[in-house]
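Once you have looked at the hints, place chain B with the ligands on chain A.
2 protein chains.
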Amino acid sequence: MNMKKLLIIGGVAGGASAAARARRLDENAEIILFERGPDISFANCGLPYHIGGAIAERDKLLVTTPAAMVAKFNIDVRVLSEVVSIDRDKKELTIKNLKTGEEYTEAYDALVLSPGAAPIRPPIPGIDQPNVLTLRNLEDMDRIIEALAGKKSAAVIGGGYIGLEMAEALREKKYDTTLIELAPQVMGPADPEMASLLHQELRLFGVNLKLETSVTAFEEARNGVDLILSDGDRLHVDVAILAIGVKPEATLAIDAGLELGVTGGIKVDDHMLTSDPSIYAVGDAVEVTDFTTGQPALIPLAGPANRQGRIAADNIFGGDSSYKNTQGTAICKVFNMAIGMTGLSEKMAKRTGVSYEKVYVHPASHASYYPGSHPISLKLLFDPQTGKVLGAQAVGADGVDKRIDVLAVAIRAGLTVHDLEEMELTYAPPFGSAKDPVNYAGFVASNVLRGDVALFHVEEACNPADHQKLIDVRNPEEVEGGTIPGAKNIPLGQLREKLADLDKEREYLIFCQVGLRGYLACRILTQNGFKCRNLTGGYKTYSMVTA
Amino acid sequence: MNMKKLLIIGGVAGGASAAARARRLDENAEIILFERGPDISFANCGLPYHIGGAIAERDKLLVTTPAAMVAKFNIDVRVLSEVVSIDRDKKELTIKNLKTGEEYTEAYDALVLSPGAAPIRPPIPGIDQPNVLTLRNLEDMDRIIEALAGKKSAAVIGGGYIGLEMAEALREKKYDTTLIELAPQVMGPADPEMASLLHQELRLFGVNLKLETSVTAFEEARNGVDLILSDGDRLHVDVAILAIGVKPEATLAIDAGLELGVTGGIKVDDHMLTSDPSIYAVGDAVEVTDFTTGQPALIPLAGPANRQGRIAADNIFGGDSSYKNTQGTAICKVFNMAIGMTGLSEKMAKRTGVSYEKVYVHPASHASYYPGSHPISLKLLFDPQTGKVLGAQAVGADGVDKRIDVLAVAIRAGLTVHDLEEMELTYAPPFGSAKDPVNYAGFVASNVLRGDVALFHVEEACNPADHQKLIDVRNPEEVEGGTIPGAKNIPLGQLREKLADLDKEREYLIFCQVGLRGYLACRILTQNGFKCRNLTGGYKTYSMVTA
Ligand SMILES: Cc1cc2nc3c(=O)[nH]c(=O)nc-3n(C[C@H](O)[C@H](O)[C@H](O)COP(=O)(O)OP(=O)(O)OC[C@H]3O[C@@H](n4cnc5c(N)ncnc54)[C@H](O)[C@@H]3O)c2cc1C
Ligand SMILES: Cc1cc2nc3c(=O)[nH]c(=O)nc-3n(C[C@H](O)[C@H](O)[C@H](O)COP(=O)(O)OP(=O)(O)OC[C@H]3O[C@@H](n4cnc5c(N)ncnc54)[C@H](O)[C@@H]3O)c2cc1C
Ligand SMILES: CC(C)(COP(=O)(O)OP(=O)(O)OC[C@H]1O[C@@H](n2cnc3c(N)ncnc32)[C@H](O)[C@@H]1OP(=O)(O)O)[C@@H](O)C(=O)NCCC(=O)NCCS
Ligand SMILES: CC(C)(COP(=O)(O)OP(=O)(O)OC[C@H]1O[C@@H](n2cnc3c(N)ncnc32)[C@H](O)[C@@H]1OP(=O)(O)O)[C@@H](O)C(=O)NCCC(=O)NCCS
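First to last, the protein sequences are chains A and B. The first sequence begins at 1 in our numbering and counts up by one. The second sequence begins at 548 in our numbering and counts up by one.
The shape of chain A in the complex, shown without the other chains (with noise of 0.2 angstroms):
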């Protein structure tokens, strides 16, 4: 290793990570953190948190400050310091002190570039009021808080996991909250019957849901701001928090030539280098490929940020390490439930033609006789041929953060659905149970590609052929509650004794209300001879898709 220079641009997840790991990994190299803001490795996904009040102490927000940087780590920490442009033949930054407006350039012989990605604000009529704001650092959060003192209502235009979230906390303060999605759902990565979960919590919570809508314009009004939708109505609030995405912080990037993915983000390879062998970038700012699909991606979260930092740092201190693609692996609290997802969506699926066969399963959270239960809905694809797991989807109260990680692993292993039948988790009653919901999906997943049973889906329920007829295998009480229209109710424990009632040439399509009863009919049905299918995750995942 020689004595390097290295300069880092963008000091929070993925430039605080490259900075600390590089000087463990050269103690005499000159590193220089350049950050725009007044802070340093602050705590982003906090930021929500504290706006609601979980988190009370605007303090515990920041993870490291300047002055700890130095102390531990030896780092020259530019903070109010904005690098302006990037002279790629000099190998020269030029910053600007935003202190004193004073601009002074600064060689490098290795360039970290982390500078995360910005709201987006798109050309909305209106939308440069001050009462609408976004959300990414302490500042935006600050001003937030401030706006909404002593107010009373505030919308949240977009619902991904930040809007979420903000909703979310808008509610712990007591705001009438309205949440406004252009899409028909939610949570734009997961599939929309997962979402489906999530919108009848916000609901439940008080939240003002609108979906499928949009904001054409904001005007003027005293004291807050209208919102003029796309189904005409004209809605005021307050306050207008605007979270509809980011899009990577290229602009340095491509003045200074360097090259973009087809997604907006910087290009790198594995070793988080750039088209330019000085210059690494990581983080928010950068495409990454999709680890299921192969797909170039944008996917801009905490986790990928610092461990790229960290490669960053290695390759430029004469290591060797590459980064293996981003799962997408995520999760989002939304009051009481949790969704989380890694690996290949549905949507996705389709989107790139992947081929796929999906099971859903709703079990206990932990041993159901064990306080504190709750069921999780799981929903997992699978490769219909080779069984491999592809993805994993999961909403519930509990649990649902574990079952992720497991199959987050499951997936970067290569494991197949039998591996799943197999795995071999905790076990105790406040914990799980004998059989854990993975283990569940696994076997649902592995019956259907052993052949043990055929399944259809909530599309085919919707609209059966002549020949095929729906039962619903579910207790009279049950079906009380509601069924699929046109479907016979017959008890799973009456079947065996109806089957003379049942015919050779039609198709039953069973269900129950998970999908265990339509299993145990199918398995009874199959075996008398009777052609049946069985719909994957019963009237519960019917009621999700429908919903």
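Worth flagging that the hints you see were computed from the coordinates, not collected in a lab. Among these hints, one or two may not hold up.
Under the rule of at most 30 angstroms between Cα atoms (straight-line distance), these lysine-lysine pairs were calculated in the DSS-like manner [said to hold, decoys possible]:
id	chain 1	residue 1	chain 2	residue 2
1	A	K72	B	K814
2	B	K637	B	K794
3	B	K619	A	K498
4	B	K637	B	K607
5	A	K324	B	K935
6	A	K5	A	K99
7	A	K4	A	K60
8	A	K173	A	K151
9	B	K935	A	K388
10	B	K1045	A	K72
11	A	K504	B	K619
12	B	K552	A	K498
13	B	K720	B	K814
14	A	K72	B	K1035
15	A	K72	B	K1051
16	A	K72	A	K347
17	B	K935	A	K5
18	A	K5	B	K1078
19	B	K1045	A	K5
20	A	K531	B	K646
21	A	K91	A	K247
22	A	K96	A	K4
23	A	K488	B	K619
24	A	K488	A	K540
25	A	K5	A	K91
26	A	K324	A	K5
27	A	K72	B	K1078
28	A	K5	A	K72
29	B	K607	B	K897
30	B	K871	A	K504
31	A	K347	A	K247
32	B	K551	A	K504
33	B	K1087	A	K498
34	B	K1087	B	K897
35	B	K551	A	K531
This is chain B with the ligands only, laid out in the frame that chain A set:
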């Protein structure tokens, strides 16, 4: 598949699972389930929680009733029916009806043994007194509840997971509770320093914990029983609960001449087939192969029993399912703490001569700025050559189950510590951290493998050689709370300035609170030409080991 007559001995985890699966696979087979007790399919694992009151309703412990088994599965369930012998030549069982005392025979094509394991009752004088109870089924539970009614004090003998759960249950009900354990630690399969955190918790919640103590005799006493202890003490309690382990119920198998393993469990192949080609055995009664050591073992847990029952049924009905050994993934709640483990323990590694290195980390269960986070003490064992993950143990108040599950999958999939560095797990502040505890363990272990830092362990800290010097790099305030005898304090922030005071001939044994600052110090020292190693897990691990 021919029409079969399948007999099953034991109606709970393994037996009931085999019966249910068998019916799904073959609608026409005759299936008879024999259970000695009055109940089938009950939640053994919930018994302590009904005693402690967490599970208020006794009925919740009955997962399935004989009637439901008939309705759903058309299985002939015979409770209060003890199988008293197996005639392998005739393929016939002799069954005793415990209601009538009558005996009769029943022939089989295939037989599944799932008789479980019985609590060990060693021949200690006086052990047969009525107030010395064990816990295996609902009747035992009822007896314990009755014996405790209106009483004040109880002793639990044995600190395995059932003993620990019973101690907790007793304290929940405010009994004066003594826990007596022969070994120097509770939770035998765990390593001692991990168990030491449970010792603290037990004492905190008022359990009178007596380690390295045994009961040499039980003496009759008015209103209870006197325990004569190995330290000479006499302890009077109202009720004594014996929980010193279980042993396979192998009598039937032995009498029938089936082969046993070296552990005393019934010997089976990976299809769960015994030495008789018509007889399968599953669950607590069988000997398994330990996944990481390849050694024969008894690992009596519900998950394996359920899955083995399913596998046996598969193989009986023409399938080809194999059991892929047991990792020993387990968890136990001890008041507000949980201890979890999977794969190889250090104890077992030493016993079996497996070469390993170990690291400790103590990160927060989720972002520490978000409420409700607690430190997790995580120990990771890995192969010092290949980096393959061999085993993990964790103790903490939150998130232990999740990390052990993630690591259980990693072990199953043959992943290395480098894979753990890259693991992409769910992160939002309520659930995790941008770098999960599993990632931390991966970083720390990988740094050791890459040679970026050398480790030392507590044993060495206690006996440094002359050329070695212990250095505590924590802040003086922390040192005041206790340090390792003989250590010199140089806070990390001052280390760079104090390098001149150090000696290149010596070896510095560096430590901090959890290992992170010690690592940073080692990086500084190494790069400045000093010899040093870092105490993995820091002073916190030291305290656990020396507790
Ligand atoms: C409200 C909110 C909640 C979030 N919650 C989660 C979550 O729960 N889970 C999760 O995984 N992720 C979450 N994220 C995303 C996560 O914070 C980002 O993925 C991560 O911070 C990206 O790291 P980065 O280093 O690429 O960018 P950032 O952390 O955004 O850091 C970039 C820094 O670069 C500075 N900068 C930009 N240009 C220049 C320049 N020219 N000169 C000097 N400085 C410059 C910026 O001021 C900024 O501080 C959240 C983000 C927000 C805003
Ligand atoms: C208090 C307690 C707590 C537990 N907690 C946990 C936990 O948290 N996690 C975990 O993984 N495991 C736990 N276990 C262990 C788990 O219950 C067992 O591993 C599992 O039940 C084993 O299943 P099995 O079918 O082998 O045996 P069992 O479930 O014990 O079933 C065997 C049945 O066979 C019957 N039987 C035996 N011989 C005959 C015969 N000759 N004729 C007729 N019937 C016969 C017995 O009466 C018994 O009901 C716990 C066990 C107990 C007792
Ligand atoms: C604070 C910050 C600068 C820390 O960077 P860092 O020093 O790399 O990270 P950590 O403090 O987590 O320490 C990790 C390092 O310590 C080591 N370490 C951690 N625990 C250890 C232990 N017990 N023993 C030995 N080493 C340990 C790790 O191996 C790693 O070092 P390596 O990368 O050289 O392998 C950076 O994480 C940051 O800015 N975070 C806040 C911003 C952010 O992430 N926001 C988005 C999420 S809200
Ligand atoms: C109650 C008991 C008999 C149930 O046995 P079981 O029917 O095999 O188990 P479950 O009810 O969990 O159902 C699992 C089956 O339903 C299927 N299934 C579960 N959910 C499903 C869904 N949503 N859709 C389709 N199939 C589903 C599984 O694939 C599995 O079938 P398979 O083995 O043929 O693949 C048995 O588990 C038992 O006795 N348990 C209590 C005793 C015990 O385990 N004690 C120790 C722990 S406390």
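Now the hints, each set against the structure:
{"no.": "1", "hint": "A/K72 <-> B/K814", "result": "violated, 58 angstroms"}
{"no.": "2", "hint": "B/K637 <-> B/K794", "result": "holds, 29 angstroms"}
{"no.": "3", "hint": "B/K619 <-> A/K498", "result": "holds, 14 angstroms"}
{"no.": "4", "hint": "B/K637 <-> B/K607", "result": "violated, 40 angstroms"}
{"no.": "5", "hint": "A/K324 <-> B/K935", "result": "holds, 18 angstroms"}
{"no.": "6", "hint": "A/K5 <-> A/K99", "result": "holds, 25 angstroms"}
{"no.": "7", "hint": "A/K4 <-> A/K60", "result": "violated, 34 angstroms"}
{"no.": "8", "hint": "A/K173 <-> A/K151", "result": "holds, 11 angstroms"}
{"no.": "9", "hint": "B/K935 <-> A/K388", "result": "holds, 22 angstroms"}
{"no.": "10", "hint": "B/K1045 <-> A/K72", "result": "holds, 14 angstroms"}
{"no.": "11", "hint": "A/K504 <-> B/K619", "result": "holds, 22 angstroms"}
{"no.": "12", "hint": "B/K552 <-> A/K498", "result": "holds, 24 angstroms"}
{"no.": "13", "hint": "B/K720 <-> B/K814", "result": "violated, 41 angstroms"}
{"no.": "14", "hint": "A/K72 <-> B/K1035", "result": "holds, 19 angstroms"}
{"no.": "15", "hint": "A/K72 <-> B/K1051", "result": "holds, 22 angstroms"}
{"no.": "16", "hint": "A/K72 <-> A/K347", "result": "violated, 46 angstroms"}
{"no.": "17", "hint": "B/K935 <-> A/K5", "result": "violated, 36 angstroms"}
{"no.": "18", "hint": "A/K5 <-> B/K1078", "result": "holds, 27 angstroms"}
{"no.": "19", "hint": "B/K1045 <-> A/K5", "result": "holds, 24 angstroms"}
{"no.": "20", "hint": "A/K531 <-> B/K646", "result": "violated, 44 angstroms"}
{"no.": "21", "hint": "A/K91 <-> A/K247", "result": "holds, 26 angstroms"}
{"no.": "22", "hint": "A/K96 <-> A/K4", "result": "holds, 23 angstroms"}
{"no.": "23", "hint": "A/K488 <-> B/K619", "result": "holds, 19 angstroms"}
{"no.": "24", "hint": "A/K488 <-> A/K540", "result": "holds, 17 angstroms"}
{"no.": "25", "hint": "A/K5 <-> A/K91", "result": "holds, 11 angstroms"}
{"no.": "26", "hint": "A/K324 <-> A/K5", "result": "holds, 27 angstroms"}
{"no.": "27", "hint": "A/K72 <-> B/K1078", "result": "holds, 20 angstroms"}
{"no.": "28", "hint": "A/K5 <-> A/K72", "result": "holds, 18 angstroms"}
{"no.": "29", "hint": "B/K607 <-> B/K897", "result": "violated, 42 angstroms"}
{"no.": "30", "hint": "B/K871 <-> A/K504", "result": "violated, 40 angstroms"}
{"no.": "31", "hint": "A/K347 <-> A/K247", "result": "holds, 21 angstroms"}
{"no.": "32", "hint": "B/K551 <-> A/K504", "result": "holds, 25 angstroms"}
{"no.": "33", "hint": "B/K1087 <-> A/K498", "result": "violated, 66 angstroms"}
{"no.": "34", "hint": "B/K1087 <-> B/K897", "result": "holds, 23 angstroms"}
{"no.": "35", "hint": "B/K551 <-> A/K531", "result": "holds, 24 angstroms"}
Checked against the numbered hints above, the structure violates hints 1, 4, 7, 13, 16, 17, 20, 29, 30, 33; every other hint is satisfied.
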